[in-house]
Structures are given as C-alpha cells and as structure tokens.
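J.: Sequence:
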Amino acid sequence: EEKTRYPGYETLIRVVVSSNTATRSQALLKNIIAAFSLFDSATNNGFKFSISKDIEELVTAYIFRFFPQSVNQNILNSVELATIFHLPDQNSIPTSQVQRQMSKQVDGPVQSMDEGFLLGYNEFRGTKKQIRLSENDRRRHTYFIGQTGTGKSVLLENLAFQDMMDGRGFAFIDPHGDSAEKLLGMVPKERVEDVIYFSPGDMENPIGLNLFEFETQDQRDFLIQEAIAMLYKLYDPGHTGIVGPRYEHWFRNAALTIMSDPAGSTFIDVPQVFNDQSFTDEKLKYVTDRTVLDFWNKEMAQTSEANKSEVLGWFVSKFGAFLSNEMMRNIIGQTKSGFNLRDIMDNKKILLVNLSKGRTGELNSQLLGMIFVMKFQAAAMGRASIPEEERVDFTLYVDEFQNFATDSFSTILSESRKYRLSLVLANQFMTQLTDEIREAILGNIGTVISGRLGITDAEILQKKFAPTFDAEDLTKLPNYQTITSVLINGVPSAAFSMSLVPPMVRTNTKLQDALKKLSAAKYGKPRALVEKEIFARLGAGDAARKAKLDALKKMQQDQSTRLGSMQQGASSVSTKTSGSGSSFLDEWLAKRQQIAKSSGKPDKPLNHRSLPSTSKDGEQPQTLAGGAHKKSDHLHVHKDDSGEEVHIKLR
10 EEKTRYPGYE
20 TLIRVVVSSN
30 TATRSQALLK
40 NIIAAFSLFD
50 SATNNGFKFS
60 ISKDIEELVT
70 AYIFRFFPQS
80 VNQNILNSVE
90 LATIFHLPDQ
100 NSIPTSQVQR
110 QMSKQVDGPV
120 QSMDEGFLLG
130 YNEFRGTKKQ
140 IRLSENDRRR
150 HTYFIGQTGT
160 GKSVLLENLA
170 FQDMMDGRGF
180 AFIDPHGDSA
190 EKLLGMVPKE
200 RVEDVIYFSP
210 GDMENPIGLN
220 LFEFETQDQR
230 DFLIQEAIAM
240 LYKLYDPGHT
250 GIVGPRYEHW
260 FRNAALTIMS
270 DPAGSTFIDV
280 PQVFNDQSFT
290 DEKLKYVTDR
300 TVLDFWNKEM
310 AQTSEANKSE
320 VLGWFVSKFG
330 AFLSNEMMRN
340 IIGQTKSGFN
350 LRDIMDNKKI
360 LLVNLSKGRT
370 GELNSQLLGM
380 IFVMKFQAAA
390 MGRASIPEEE
400 RVDFTLYVDE
410 FQNFATDSFS
420 TILSESRKYR
430 LSLVLANQFM
440 TQLTDEIREA
450 ILGNIGTVIS
460 GRLGITDAEI
470 LQKKFAPTFD
480 AEDLTKLPNY
490 QTITSVLING
500 VPSAAFSMSL
510 VPPMVRTNTK
520 LQDALKKLSA
530 AKYGKPRALV
540 EKEIFARLGA
550 GDAARKAKLD
560 ALKKMQQDQS
570 TRLGSMQQGA
580 SSVSTKTSGS
590 GSSFLDEWLA
600 KRQQIAKSSG
610 KPDKPLNHRS
620 LPSTSKDGEQ
630 PQTLAGGAHK
640 KSDHLHVHKD
650 DSGEEVHIKL
660 R
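Residues in the sequence shown are numbered from 10 upward in steps of one, following this note's numbering.
Just so you know, the hints here were simulated from the structure itself, not pulled from any lab data.
Values in this document were obtained by computation on a predicted structure and should not be read as measured data.
Worth double-checking, as some hints may not be accurate.
Restraint ranges, calculated between C-beta atoms of paired labels, are given here [unchecked claim]:
1) Pro511 / Glu11: 44 to 50 Å
2) Glu144 / Asp303: 48 to 54 Å
3) Ser61 / Leu96: 27 to 33 Å
4) Leu96 / Glu448: 37 to 43 Å
Straight line, CA to CA, 25 Å or less: simulated BS3-like cross-link-like pairs of lysine-lysine [as the list claims (entries may be wrong)]:
5) Lys485 / Lys137
6) Lys358 / Lys345
7) Lys531 / Lys541
8) Lys526 / Lys198
9) Lys345 / Lys526
10) Lys485 / Lys345
11) Lys138 / Lys366
12) Lys531 / Lys357
13) Lys294 / Lys307
14) Lys525 / Lys357
15) Lys198 / Lys531
16) Lys358 / Lys427
17) Lys138 / Lys113
18) Lys198 / Lys525
19) Lys358 / Lys198
20) Lys57 / Lys39
Glycine included, C-beta positions come from ideal geometry on N, C-alpha and C.
My request is simple: use the sequences and hints to build the entire structure.
T.: Following this line, the structure appears as structure tokens:
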C-alpha cells in the first residue's frame with residue numbers, strides 16, 4: 010500500500026565494469042554489487058544480481074540503452090528511484106559540476122497571449138513564451154510583492170513605459186525617486202507636452218497640491234473624511250486616542266468652515282480658525298450650515314478659555330510639521346493646485362511624482378502620497394456623472410504603497426474598476442499592511458506576482474499559490490524570478506513561474522532636465538508670489554482687525570472734531586438784544602453779581618448744577634420759576650448725535 014502511493018516505473022539495472030585486468034574487474038564488480046545491499050529492507054526485500062551469459066549482448070544493450078522485455082520486471086516507485094539514483098549533493102560534493110535549477114519551474118497558461126501588456130516570460134522544458142495582461146483584465150488591478158532587489162521597480166517601469174509608447178494615461182508615485190527620474194528620460198517626443206513632473210524639491214517654483222480643492226459637496230465631504238483618516242495614519246495608526254472622536258469633531262467643523270469660503274482654503278488654514286477669531290469671523294460670513302454655526306456660536310463660545318488653551322495645543326500640534334516647513338507650506342498652502350487630476354485622467358496625460366524621502370523627508374513624503382491617492386480616488390468617483398463607455402482607462406502606479414494606504418484603501422480596490430482607474434501596487438512585506446488591506450489585496454486584486462519573500466510573508470501568501478508552490482518555494486526565488494497568478498478573461502490562472510523583462514530602454518539625462526524645467530514653468534509658481542498669497546490669506550484676520558481699528562480711530566477723530574466745534578460754538582453764543590456785543594457768559598455773570606448785591610449776600614461758589622443750554626444760537630437760556638436762573642458754575646452742552654455731555658467749568 011505504501012509503495013502504490015507514488016507512481017511506479019519499470020526498472021532495469023545493469024552493472025558493467027571495465028579495467029586492465031580481469032582480477033581488477035571482478036573486484037570492482039563485487040564491490041558495486043555489495044553497495045546495493047544498503048537498500049535491502051528489514052524484511053529481506055532487496056536487489057538480486059545475476060551474471061550475464063552473453064557478455065557481448067549485455068555490452069551492446071548497455072551501449073545503445075536497449076530495454077529488452079523481461080519476464081522478471083522490477084517495479085520501483087519515484088521515492089525508491091530517488092533513493093537509488095540522484096544528482097550529487099552540492100554540500101557533500103563541492104566539486105560537483107552539475108548545473109542546478111535555483112527555483113521550481115512550472116508551465117504557464119496554455120491560452121495564447123499575443124496582445125496586452127508584457128509582464129515577463131515563462132520558461133518550461135526549453136519552451137519560452139510571453140506572459141501578457143489584457144486591458145480588461147488589468148482593470149482588476151496588479152500587485153507585486155518582493156524583497157529589495159527582486160525586480161519590483163523594473164516591472165513597474167516597464168509597464169509605465171509601455172503605457173507611454175501606446176498613448177495611455179498614467180500616474181507614477183515613487184517614494185524613492187529613481188523610477189520617476191528614469192521614466193522622465195524615457196518619454197517619447199510625441200508625448201512631451203503630456204508630461205507633468207511633480208517634485209517637492211523644486212523650492213523656487215513650487216507646484217500647488219490643495220487637499221481641500223473640490224467641485225461638489227459630495228467630493229468635499231469625502232475629502233474631509235479622508236483627511237481625518239490621513240491624520241490617523243500619520244499620528245495614531247493604532248487608534249489609541251491620540252486623535253480620537255473629539256479631534257475629528259473639531260477638525261470636521263473647522264474644515265467645513267474654511268471650505269465654505271468661495272475664495273478657497275487649504276489644509277494649513279485649519280489651525281488658524283482656532284488661533285485667530287477675526288480670521289474665523291471672516292470665514293463664518295460664508296457658512297450656511299446650522300450645525301457648523303452652532304459649533305462656533307454655542308459649543309466653542311461656552312468653552313472656557315482655560316479649556317480651550319489646553320485642547321488647542323493638542324489640536325494644532327498635528328499641523329506644526331507642515332506649517333513650519335517652508336517646502337510643504339508652499340505646496341499644500343496654495344488654494345489652487347497646479348494641475349487638475351480629473352483633467353489628467355480624462356486626457357491621457359502622464360504624471361510623474363518624485364517623493365524621494367531623502368529630499369522630502371519621510372513624514373512629508375507620506376502626507377503628499379496620501380493626498381495624491383485620495384485626490385485620484387475623488388477624481389475617479391467624479392466620473393460617475395458620465396457614461397461608463399466614455400470613461401478613459403487610467404493607471405495609477407504606487408511603489409511602497411503601504412506608506413500611502415489609509416483604512417479606506419480597500420474601497421479603492423473594490424470600486425475604482427468601474428471608474429476605469431487601474432492600480433498597480435508594489436511593496437516589500439505583507440506584514441506592513443493592516444489586516445483589512447491584506448484581505449482586500451488577496452480578495453480583490455486579479456494579478457498577483459511574488460518575488461522572493463521572508464518566511465513570515467511566504468506563509469501568508471502560499472495560500473494564493475497552493476498547491477503548486479509552497480512557502481519554501483517563495484523564499485528561494487532568485488532575483489527577477491517570480492511566482493505569478495495572472496488574470497485571463499476575468500479568471501485567475503493557476504500559479505506558474507515567470508522571469509521578468511530587463512529594462513526596456515535607457516534613460517536620457519538631457520531629456521530629464523528639459524522636462525523638469527518645462528513642468529516647473531507650466532505648472533509651478535514663483536516662490537515669492539506663493540508666499541505672498543499664503544501669508545495674505547493667513548493674515549486675513551489681522552487685516553480685518555486693522556480695518557476695524559482704522560474705522561474706530563476715524564470715528565473717534567470725527568467725534569473729537571464735532572466736539573471741538575460745539576465747544577467753540579458754546580463759548581461764542583450771543584444773547585444780544587441790542588448792539589452791545591456782550592456774550593452770553595458776560596451777561597450771565599453780570600446778572601449773577603447783581604442778584605448777589607441785591608440780596609446782600611457775598612458772592613460765593615454755587616452748587617454743582619447744570620445750566621440748560623440754548624436751543625439755538627443767540628437765544629436766551631431758559632429760566633426757572635421765580636424768573637432767576639438756576640445757579641451753576643458749569644455750562645452743560647449736549648451733543649446732537651451721540652448724547653455725550655460736555656462740561657465747561659466757569660472761573
């Protein structure tokens with residue numbers, strides 16, 4: 010029963026010895042036959058040799074490999090044969106010259122693959138055939154995983170180059186920068202005008218990338234939610250509370266506030282609405298959402314200053330890395346992006362994004378990459394307004410995509426196909442991904458290519474390639490050799506071995522430099538102009554305060570002018586009934602002295618009382634009962650507009 014578990018083979022073993030002497034030949038023959046006793050089993054089942062009666066017939070059959078029919082046939086299964094005869098072990102016999110196959114070779118799909126994107130070649134038993142991916146199957150996305158040096162970048166570059174040559178549109182997000190630079194030097198001359206090269210390292214002509222730029226209310230809400238997911242990815246990937254529901258609440262209301270301004274707003278404007286009340290007041294002029302207004306007029310207005318100060322530092326600190334970084338501020342702080350991603354997709358343009366961590370910084374590279382991914386998703390979803398047959402195919406290449414994948418990345422994998430956005434993703438380790446994204450890759454991606462893996466990743470991915478390959482096969486692949494399952498007419502193929510194509514074309518350094526300058530001129534803005542616009546917008550609160558102060562100062566000046574005029578008018582009021590020319594005050598003082606003399610009382614200071622003012626120039630003041638004026642040592646004058654009182658003390 011054990012023997013029949015494996016395929017059996019009819020076996021014939023011949024032993025032929027040749028030497029200079031018969032004695033030597035007999036000795037060697039006996040030694041070889043004795044060696045076969047090692048294969049005897051405990052049940053006395055073993056090999057039994059017989060001496061040939063016809064030496065010439067035996068030698069002829071041996072030389073020409075004749076296999077004569079025999080009554081006594083020996084049936085050995087594959088395991089028994091491998092025990093008896095196998096190639097020398099390289100470890101035991103280092104001098105062995107046997108050329109060994111480094112990885113398992115398995116035949117590829119039998120379907121003809123004459124059209125589509127060239128992925129590589131399948132070589133099996135001397136036959137080499139192309140492995141291609143059709144445009145329709147490509148819409149189900151492609152994923153390449155492998156350690157450093159296994160050929161991920163080469164495959165992505167080759168696919169992007171084929172897109173260039175075929176006139177297709179694509180975007181290439183490169184966190185290393187090398188592939189983006191190479192592709193820039195491969196652009197054919199007929200596609201030069203289609204190229205947009207984005208590099209944060211160009212400080213003199215920064216190209217704007219505004220996360221908060223939107224066309225519809227649905228797109229606005231999507232971008233706000235994705236921005237929150239981005240903050241979780243950057244600062245709280247484990248959802249431990251560093252961000253949390255309260256942070257979401259503040260951020261969402263702040264974003265809705267600034268995005269209500271038709272002049273536009275940016276990600277770096279968010280902390281300004283908490284730091285500058287005048288800035289907030291300017292933005293609230295455009296807010297119509299009652300929930301947002303209640304947030305400011307009720308919730309924030311009733312929050313104590315001590316509580317605000319405590320929470321504000323925690324909230325604003327998440328933006329400091331981008332506000333204080335001049336390079337990032339000049340990119341994400343522009344209200345209008347240098348290019349429109351929907352236009353790039355619909356018009357088959359080429360976007361090369363160089364997010365080199367060495368030049369940009371890891372955190373900045375991560376933020377910009379996430380903005381690009383979410384903006385492309387928003388642009389793709391915006392295609393829902395046009396018929397499916399009018400949607401142009403577009404491919405998004407993302408190397409080391411785990412750096413830019415938020416928790417909602419699985420949504421892109423499941424929904425972008427209907428909007429004709431194809432993804433080609435690459436990274437080094439499965440363990441870099443969350444469980445949700447890992448399941449989305451294994452469940453929603455049509456074509457999976459694996460280079461050499463570590464043992465942990467191999468154990469995860471072997472389920473995709475079983476039963477043909479196991480975890481050990483995935484850990485022993487040479488560079489540029491892969492195990493692949495490709496989508497054919499919507500159905501995944503069985504796993505097979507595939508070798509990658511070498512780089513298809515050399516890059517042109519002069520072309521690189523020319524296209525960099527062209528993109529900077531067409532899509533960038535001078536640094537001085539960008540900084541002027543940003544600081545003017547962020548200083549809108551200061552401008553509003555200055556305008557209010559100027560208005561208040563002018564009002565005070567007007568009041569002082571009117572007051573001076575009234576004081577001058579009050580001191581020159583005349584009570585002339587004849588041509589004496591005496592003033593009202595002179596007349597009043599003279600009468601006061603007469604009253605004092607007639608009463609026989611000395612002239613002394615009067616009580617502090619108000620004397621009614623004249624109603625018109627030249628009229629006499631009104632008198633109180635008894636015909637005498639009310640005693641007072643002050644003149645009381647009313648201002649017409651404000652009701653303020655002016656007292657002129659009489660000496």
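J.: Each hint should be assessed against the structure and marked as holding or not.
T.: Hint check:
| no. | hint | in the structure |
| --- | --- | --- |
| 1 | Pro511 / Glu11: 44 to 50 Å | 48 Å, holds |
| 2 | Glu144 / Asp303: 48 to 54 Å | 51 Å, holds |
| 3 | Ser61 / Leu96: 27 to 33 Å | 28 Å, holds |
| 4 | Leu96 / Glu448: 37 to 43 Å | 42 Å, holds |
| 5 | Lys485 / Lys137 | 22 Å, holds |
| 6 | Lys358 / Lys345 | 19 Å, holds |
| 7 | Lys531 / Lys541 | 20 Å, holds |
| 8 | Lys526 / Lys198 | 16 Å, holds |
| 9 | Lys345 / Lys526 | 20 Å, holds |
| 10 | Lys485 / Lys345 | 50 Å, violated |
| 11 | Lys138 / Lys366 | 39 Å, violated |
| 12 | Lys531 / Lys357 | 17 Å, holds |
| 13 | Lys294 / Lys307 | 17 Å, holds |
| 14 | Lys525 / Lys357 | 19 Å, holds |
| 15 | Lys198 / Lys531 | 17 Å, holds |
| 16 | Lys358 / Lys427 | 20 Å, holds |
| 17 | Lys138 / Lys113 | 17 Å, holds |
| 18 | Lys198 / Lys525 | 15 Å, holds |
| 19 | Lys358 / Lys198 | 14 Å, holds |
| 20 | Lys57 / Lys39 | 13 Å, holds |
Checked against the numbered hints above, the structure violates hints 10 and 11; every other hint is satisfied.
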